[in-house]
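Listed below, chain by chain, are the residues.
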Amino acid sequence: MSASWGKLFFQLVLLLASCGHINTKTPSPTSPSLDPISPLPSDIRRVVLKGESHTEKVELLNPVDLALECIWSGNENKSPNITGYWRKDGEEMQSIRVTVQLENDKYTLRQVFKIVSKENLGSYSCSFGDEAKVDFLLAGPQIGEVRDKPIVSYVGDSVVVKCKMDEKKPKPVSWNWYRANGTDKEQIFYAAEPQKYEIKNHEWATKLVVHKLTEGDSGFYYCEGVYAVSTTMGHVELKVITFLEPLKPFIAIIVEVIVLVAAILIYEKSQSKKNSAGGNETNADQTNTPTPGDNNGPEESSSTRQRKA
Amino acid sequence: MPPAAETKLGYTPPDGGWGWAVVFGAFISIGFSYAFPKSLTVFFKEIQAYFSVSYSEIAWVSSVMLATMYAAGPVSSILVNRYGSRPVVMVGGLMVSAGMVLASFGTSIIHLYLCVGVIGGLGLAFNLQPSLAIVGTYFHVKRPLANGLAMTGSPVVLFTLAPLNQFLFDCFGWRGSFLILGAIVLNCCVAGALMRPVNKSVKPQPKTETPPAVSEEDSAQSSDLQIEENQTESRCQGCVQRFIDFSLFKHRGFLIYLSGNVVMFFGLFAPVVFLAPYARHQGIDEYSSAFLLSIFALVDMFVRPLTGLLGNTKWIRPRIQYFFSFAVLFNGVCHLLCPLAQGYAGLVLYTVFFGMAFGMLCALLFEVLMDLIGAQHFSSAVGLVTIIECGPVLLGPPISGALVDAFGDYKYMFYACGVILTACGIYFFVMHFYNYKKLDEERKQSLAAERRTSEEAVKLKMSPDDKAAYEAEG
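As you go down the protein sequences, you meet chains F and A in turn.
Under the numbering used here, the first residue of the first sequence carries the number 1, and numbering increases by one thereafter.
Under the numbering used here, the first residue of the second sequence carries the number 1001, and numbering increases by one thereafter.
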């Protein structure tokens, strides 16, 4: 961490030394990329602050010279000068504290940051004194489709855990999978346990297949899409249960069905007994023997028709 | 045409009493038959990932189930003719249950096709046809209402199963859900237990007591069928009732029904399938699009019994075929007007009207067949109808999908379905107008013939009496 800070500091000193501007910053439309060594593309994010604070999300994939610009219209007492400074992840970057002058009824803070590695990402804040602040959150793109409810699977079965990136966003260079181990994340290496884990990578999606599940495999699994400078993380929860779990409602419903069918048939038997006790024998024959009854039905009526004809 | 219960069936249908329990059983059975294949789509995404297959391969599970359910109609009819409704429905329930339980242990997609598709579909076929048939044996006067109530099972069960399936999936994954669904579907056996065979020993009542509007056309058609039946019986004593009655293909009403329905089914289900995708295409979010289907199911649920009630009234019952033709026409007009619907409010309005039209049509679908054929032949008729309708039912949505893909716009699909249904509605109106005229003529002829035969019978009766009188004297 300190090594990269040192690098950044050194680059800034070089920049300042070469252009000679230190205190006054004018809102210039073009970014003075005066460092002849860097061939990086440049990008700018400009925020006009309304109110006291604002948060801006910036998605970054590749190395870039990122210019962050904050414009503030000031408050009631518009002092001619105000201290403008930058923070990274809450820590102030002392070297680039400047005094901002009021120009065209606005204060403007602008800084170019070189984003080349994962450490350069994070939260950058520009502040005007203690009064106004803009946070820039530099991160990788969000994972598109992740299932928020746990995936349920069974002991001895295999399961497919899937992570999908939104196809409108650029595809990751590679994917990694991690398993939560307490508070840490342990990477799953395909080669280490090929019988257990299988990782299938497509362009915008990745699948982790876990074979021969045990109850210990339950927990959170993290998929990480790796870009040039950033990574993006999604998580899926896996729950492994035994077959006894669904078996309980299954048996309960079967018992209910058997009870109902028995009740209906017993009720019918008792009804027909009542009828036969009443002395109506033909009725009893009809209801006691349902199967031959239906068979005889059409034949009886056909015979009556024949008699009629 | 409904045969006069007295002349044709040889008994008086109860029109109530245990009949309502039978209607409830039919409600459950029919509900599972229609709603079960549709409700399984909730599991498809995970099963697709698990077996690493494409979506169309997994969608085949539902299609195979639906196809088997329709194609096994004749088998179901034969069994009902031979053994009655109750054993067939109970066996059907056991089969679907066994299919789902076996499928929960499935190791390949083929396994699912066989267990859920074939075995499950066969079981559902054994639920559908007998349920429809037994309602006809218990009801005559209140039959449209009973049919309407029984058919309401489909939207009610679908409405219940869809969120239930989602809940089961979240708790137990797809395997556990299939196991539990296997148990839930066993309730069809309970429905089957309710389907007590109707008591046929009750003596037929005198003809004057029946509503005159009903009996007039009955006797004409029944005499028509009687003649046909006597011919076939002379060839094969009693075996017609045991198997399929192919003489139905000479029946004018049956042919009208069959020809119209085959064309109609091409355009009937596609709009249901594409309602949510069409809404999403219009820019409506996924949740609201799915909500349209819920509105559709709710409207459907209430319209079906209402249609049954309406069909029972003395103004509509004698000419119920026209009511059915109107329902088909209503569907067609709805679809033709659908592309005019703007925004979510317009789509909701379309969904409400479509729900009404679809509910009316489904409530009357089998009632009009019973009306044309009579309860006696109904099980054979419905078996033949379902196997022939199997083709359009399966081909309808994919052809519509191809239309949507070809033109890139849903409105042509709606126009096509609307045209098909409107044409079928008009066809039904015309053909049934002709059919009713013919039936009235036949009724007049048969009444005249009956008068002649009763006069001859009186003369014949006189001669043996005279003979006996001579012998007694001599």
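Mixed in with the good hints, there may be bad ones.
To be verified - Rough simulated footprint, nothing fancy, chain F against chain A, three-plus residues with beta-carbon under 8 Å:
#, region
1, 1173 to 1187
2, 1382 to 1389
What the hints assert, rightly or not - Calculated lysine-lysine pairs in the DSS-like style (CA-CA distance at most 30 Å, straight line):
#, chain 1, residue 1, chain 2, residue 2
3, A, 1437, F, 248
4, A, 1459, F, 196
5, F, 149, F, 248
Honestly, the hints are just simulated from the structure, not real lab data.
Don't be surprised by glycine CBs; every beta carbon is placed ideally from N, CA and C.
> Against the structure shown, which of the earlier numbered hints fail to hold, in ascending order?
Replying inline: Those not satisfied are hints 2, 3 and 4.
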